[in-house]
Structure formats: structure tokens, C-alpha cells
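Given chain A, put chain B in place with the hints provided.
Protein chains in written order, with this note's numbering: chain A, 1 to 75; chain B, 1 to 186.
These are computed hints drawn from the structure, not numbers from a lab. Values in this document were obtained by computation on a predicted structure and should not be read as measured data. All clues stand as given, with none of them false.
Some chain A residues judged to face chain B by a derived CB distance under 10 angstroms, without partners named: (1) 21; (2) 22; (3) 43; (4) 45; (5) 64; (6) 65; (7) 70.
Ideal placement from N, C-alpha and C gives every residue a C-beta, glycine not left out.
Letter by letter, the chains look like this.
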Amino acid sequence: MFGTTSVPIASLPLATGMQLGFFVMLGIYAIFTAILYYHWNTYADNRVVSRLTFVLYFLLTLPFMGVIGITAFTI
Amino acid sequence: MLLEKIELEPGEQVLTTVRKHWFVILVQLLSVSTMFFVPVVAILILALIPPEWNAFDLHTGYTTLLTYGVSCWMLLTLLIGFNTWTHYFLDLWLVTDRRIIIIDQHAFFNRKISSFRLERLQDIEVEIIGIIPTFLDFGTLRAQTASASENDFSSMGLPNPRELQALIQGATDKRLESLKQRPDTI
Chain A
1 MFGTTSVPIA SLPLATGMQL GFFVMLGIYA IFTAILYYHW NTYADNRVVS RLTFVLYFLL
61 TLPFMGVIGI TAFTI
Chain B
1 MLLEKIELEP GEQVLTTVRK HWFVILVQLL SVSTMFFVPV VAILILALIP PEWNAFDLHT
61 GYTTLLTYGV SCWMLLTLLI GFNTWTHYFL DLWLVTDRRI IIIDQHAFFN RKISSFRLER
121 LQDIEVEIIG IIPTFLDFGT LRAQTASASE NDFSSMGLPN PRELQALIQG ATDKRLESLK
181 QRPDTI
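Just chain A, with the same shape it has in the complex (with noise of 0.2 angstroms):
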């Protein structure tokens, strides 16, 4: 039903628009990754809360990442 659904302002298919959305969060979160790695690696003084942060971060976006890719890429 999406795969032939257009979105009217640009007639850029449905499934393709989402896929092209899917890179470009893919891009926004592979950046915000890197520079808080950067930030958290450089200029904390915690260890401990430095490795909590980051377990937390990926085991609560990730998720959402695959959400992402999969409705993506099996509409």
C-alpha cells in the first residue's frame, strides 16, 4: 500500500522518502555519538558515570535506530 503511495509536494515515493529519512538519522545519530564520546572521553572526571551515560545512551537509542531501519525498509 505505501510502496505506491507519493508524497504529493515532491512525487518522491512513500518507502524512498523513509529510507532517505532512515540515513539521514542515521547520519544526526553517528555524529551526536561521536562528539559525545569526544565530549565524555575528554573532559570528565568520572569514569564510572562516563561508562554509565554511554550504556545508557546505547541501550536506549539503539532501539529506536532499528525501529527506524526496520519500517524503513519493509514498507
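Only chain B this time, still in chain A's reference frame:
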């Protein structure tokens, strides 16, 4: 890590490190959490509206698109949340027996590190305004120095500001006393 970057002087001891009060980060993270759950609340409201009144019917194949949109929204708010937490944790006052180092993490690429020697401290002022800061004991600390370039440092939302003020004043007195005895240690 931070202390390796700051490069303390030989024999310099860190007396305390102070971050903003937990209430400050709690309020910030609560507002991010509210944003996080906005789509969930919106979907619940839409689900409660009878289909004949609702142009956006949740039961007719929009599930994948909704899941995609909601996931994007939630991921972005999570990134904002971690950004907030990072700025909170990396923003701190470091009081040593010789100087005060103030690290202001305004944004990821906007970081200001100020340092002034205790013997240059002229005045330290505490300001607690409002009901919540009074009960939870947090407030603004202002330090005025004799430095020519920048002579006023302040930070909002610091916990136990009077205790911190007393600690800094005590350390300043000790520093001045030791400088009187051994002036060559400046």
C-alpha cells in the same frame, strides 16, 4: 580525563568539585521527558476519538508510518536529553587549595574554562532567591577577583552555596597565611 587536562600544580590539592543542584537537571530532564511522550499522548487521544469523527484513522494501515515517525521523534528527544545531561555533568566548579577553576559547558563546542587564584579573591557572594531554592538549598555564587581581565565569576544553581562560600573563604585565608609565611610560593 578532566584532571589530566587541567594540569594541577605540584602539591595542589582538590578540595571539592561542585556541580549544579540535582533539581536543576531534574527540571531540564522532565521537560525533555514531556516532549518524549508527546506522540504517545497524541496517539492515545486519537485512539479515543470515534472513527467517524476522526479523519486520521489509526486502524487503517498507518501503523508503520506512525511507528517510523514516533521513533524518529523519540530518538531526537533522547539525543536532546543526553545533550542536556552532558552539559550538566561537564559544567563544574573545581576548588583547590590554590585556585578556583570554573568550567562552563554552554554547548558541545562552546566551553569556557576560567581560573583564578585564591589570593586574588576579593569578594564572594551568595544569592538564594525563591521558595524551591530556599528549601532545597541551592543558589547563585558570585566571586569577584582583583584580576584586570575578568573580575567577576558567577554560577547559578549551585548546591549548599553557603557551605561552598565558607570553604572558599577558609581556603583563601589559609592560602594568604601560607603566602605571608613563604612569599616565594606564589
